[in-house]
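*Asks:* Note that the protein sequences, when read in sequence, are chains R and F. Quick note: the first sequence uses this note's numbering, first residue 37, plus one each step. Quick note: the second sequence uses this note's numbering, first residue 2, plus one each step.
Don't read these hints as lab results, they were simulated from the structure. Model, not experiment: these values are computed from the prediction. Be a bit skeptical, because a hint or two may be false.
[As the list claims (entries may be wrong)] Label pairs and their calculated CB-CB ranges:
{"id": "1", "chain 1": "F", "residue 1": "G235", "chain 2": "R", "residue 2": "E49", "range": "36 to 46 Å"}
{"id": "2", "chain 1": "F", "residue 1": "D176", "chain 2": "R", "residue 2": "L298", "range": "25 to 35 Å"}
{"id": "3", "chain 1": "F", "residue 1": "Q189", "chain 2": "R", "residue 2": "L85", "range": "18 to 28 Å"}
{"id": "4", "chain 1": "R", "residue 1": "L162", "chain 2": "F", "residue 2": "P206", "range": "47 to 57 Å"}
[Claimed, not checked] Which bits of chain F does chain R cover? Going by a derived footprint, with three or more residues having C-beta under 8 Å, they are:
{"id": "5", "region": "77-86"}
{"id": "6", "region": "195-207"}
{"id": "7", "region": "224-238"}
We treat Cβ as the ideally placed atom computed from N, Cα and C, and that holds for glycine.
Here are the chains, one letter per residue:
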Amino acid sequence: MSDAARTLPHRPEIHRETEQAKTFGVVEKPLSAWERVYNLGFVRKLALLAVLALAWELYARSIDNSLIFPTFSATARALYEGFVEGGLLLRAWTSIRVLLMGYAAGLALAAVLTVLAITTRVGTDLLETLTAMFNPLPAIALLPLALIWFGLGEASLIFVLIHSVLWAVALNTHSGFMSVSMTLRMVGRNYGLTGLRYVAGILIPAAFPSILTGLKIGWAFAWRTLIAAELVFGVSSGSGGLGWFIYENKNLLEIQNVFAGLFTVILIGLLVENVIFRTVEIRTIRKWGMQH
Amino acid sequence: MNDVTLGAPLLDVSGVTLQYKTREHLITATYRVDFKVYPSDRFILLGPSGCGKSTLLKAVGGYLQPVEGEIRLKGSPIGRPGPDRMMVFQEFDQLLPWKTVLENVMFPLVASGKLHGAAARDKAMHYIDKVNLTKFADSFPHMLSGGMKQRVAIARGMAMEPDILLMDEPFAALDALTRRKMQDELLQLWDETRFTVLFVTHSIPEAITIGNRILLLSPHPGQVKAEINSLARGDTDPVRAKELEDRINAMLFSDRIEQEEAAHE
Numbered sequence: 037m038s039d040a041a042r043t044l045p046h047r048p049e050i051h052r053e054t055e056q057a058k059t060f061g062v063v064e065k066p067l068s069a070w071e072r073v074y075n076l077g078f079v080r081k082l083a084l085l086a087v088l089a090l091a092w093e094l095y096a097r098s099i100d101n102s103l104i105f106p107t108f109s110a111t112a113r114a115l116y117e118g119f120v121e122g123g124l125l126l127r128a129w130t131s132i133r134v135l136l137m138g139y140a141a142g143l144a145l146a147a148v149l150t151v152l153a154i155t156t157r158v159g160t161d162l163l164e165t166l167t168a169m170f171n172p173l174p175a176i177a178l179l180p181l182a183l184i185w186f187g188l189g190e191a192s193l194i195f196v197l198i199h200s201v202l203w204a205v206a207l208n209t210h211s212g213f214m215s216v217s218m219t220l221r222m223v224g225r226n227y228g229l230t231g232l233r234y235v236a237g238i239l240i241p242a243a244f245p246s247i248l249t250g251l252k253i254g255w256a257f258a259w260r261t262l263i264a265a266e267l268v269f270g271v272s273s274g275s276g277g278l279g280w281f282i283y284e285n286k287n288l289l290e291i292q293n294v295f296a297g298l299f300t301v302i303l304i305g306l307l308v309e310n311v312i313f314r315t316v317e318i319r320t321i322r323k324w325g326m327q328h
Numbered sequence: 002m003n004d005v006t007l008g009a010p011l012l013d014v015s016g017v018t019l020q021y022k023t024r025e026h027l028i029t030a031t032y033r034v035d036f037k038v039y040p041s042d043r044f045i046l047l048g049p050s051g052c053g054k055s056t057l058l059k060a061v062g063g064y065l066q067p068v069e070g071e072i073r074l075k076g077s078p079i080g081r082p083g084p085d086r087m088m089v090f091q092e093f094d095q096l097l098p099w100k101t102v103l104e105n106v107m108f109p110l111v112a113s114g115k116l117h118g119a120a121a122r123d124k125a126m127h128y129i130d131k132v133n134l135t136k137f138a139d140s141f142p143h144m145l146s147g148g149m150k151q152r153v154a155i156a157r158g159m160a161m162e163p164d165i166l167l168m169d170e171p172f173a174a175l176d177a178l179t180r181r182k183m184q185d186e187l188l189q190l191w192d193e194t195r196f197t198v199l200f201v202t203h204s205i206p207e208a209i210t211i212g213n214r215i216l217l218l219s220p221h222p223g224q225v226k227a228e229i230n231s232l233a234r235g236d237t238d239p240v241r242a243k244e245l246e247d248r249i250n251a252m253l254f255s256d257r258i259e260q261e262e263a264a265h266e
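Start from the sequences and build out the full structure, keeping to the hints where you can.
*Replies:* Shown next as structure tokens:
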């Protein structure tokens, strides 16, 4: 024993009775109504939106030039009229229909590429090379080529949409598959799962957080690409989409309609993000404790 | 029980040499290991880290092929992983996070085509009940403590009623108190169902508590040092346990002492 240890003083032992919980005030108490309302994400976001709308209104009124910057109220009115009589809904649907077709085709191709990539080494190399080449290439840059190959119309739009969806989704899905833990892989093989049953039963749900991120990014890319493409080559069969609506109204100097068109694009984006993707998230990765 | 002649072994590991590659090296994990596991054995693979005991278990699981020797289960060689050898891993993330406790236990039953629908559910509930998790059948794994997750993994393994249950240090990541409790529970389950288990551990007291037969392995690469009998089930005499522990200690670490003596001379 060292000298220091030998010189430690002797201390008496301490024993205590613990007190009953009721003797010391709060153990658990409900939060106040205000705290609970403030804890709701959508309430906070709505309040933020209201402040932004107010700032917009005030600024637009101070400029007082509806050709450059129409007020929030004028835009809201244009939006309302567009929905009720101007066929804005129809335009939006035209865009969304093309978008969904391109998105679905992109996802299917991404699925094929990633399944190839996890089953064979050549597939991995192929996916990595293709993604490195094409992911940085803006979809719009392919539009002139698409017009030559597929002509003026939906086929060209779908082509550029596939390009914008495919790489983001494939990249995220693949990196999700790669990061599935060794233990889960071994568990899956222990059950005797092989091939597509193994992919569907173990890899896809285990990699779902990354896959969902890929789907979201893909959706946003597709939406941007579509509106931009419609602005460039507009209409094929008399009923253009939202991009064409914006372009048309710019030419007519109906700036509040331009704003209403942009607003619709934003609204659809918000709706998809906050309703569709959010619901999927709550029902899957949040419920499973993969995201907090 | 020793008077009864042993039948054919359930698991026969003969002359197994295992190698695996890291980025830079080819490593021999075990060298010509032999042992036989009989039905209802609680067979322990015991040794210090680096003795290849987990690698050996993975080979029995079918994740790795021996470069020399053979592993036979009920007479036929092991080719690939399969539900006749259910694994219980050390890691808490071995449960599928997207399935509830009940679904986790049911999944291998259904996936392997062993049982379907209500039959699978009943079987799963039976074993969930055995590990005292009935109240948590509809919980997701992330809501459970580490010990509870391991109990689910054990229930999942047992529900399949495999030929042999393979356990890779399943209690190593638990705190000491939970660990003691889980060891007792496992033994109680064994009393009820007499399953065969191959159990890997580096803890000598755990080996003595759980096993009836203990294989001692030396490190780098793993070679069989001894295969000894543990205390009989129900024998809780601390003196005999201590004696056995000292004996195992002496066997496992005799090399090291000899080496140290050689260094001193």
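*Asks:* For every hint, state whether the structure bears it out.
*Replies:* Evaluated hints:
A C-beta distance of roughly 37 Å is found between F:G235 and R:E49, which places it inside the suggested range of 36 to 46 Å. F:D176 and R:L298 have their C-beta atoms about 58 Å apart, which leaves the hinted 25 to 35 Å range violated. For the hinted restraint 18 to 28 Å between F:Q189 and R:L85, the CB-CB distance of approximately 60 Å leaves it violated. Checked against the given bound of 47 to 57 Å, the beta carbons of R:L162 and F:P206, roughly 53 Å apart, stay inside it.
Proximity of the region 77-86 of chain F to chain R, defined as three or more residues with a beta carbon under 8 Å from a beta carbon of that chain, is established by the 5 residues found. For the region 195-207 of chain F, the stated coverage by chain R is not satisfied: 0 residues place a CB nearer than 8 Å to a CB of that chain, which falls below the threshold of 3. Counting residues of the region 224-238 of chain F whose beta-carbon sits less than 8 Å from any beta-carbon of chain R gives 0, not enough to reach three: the coverage restraint is violated.
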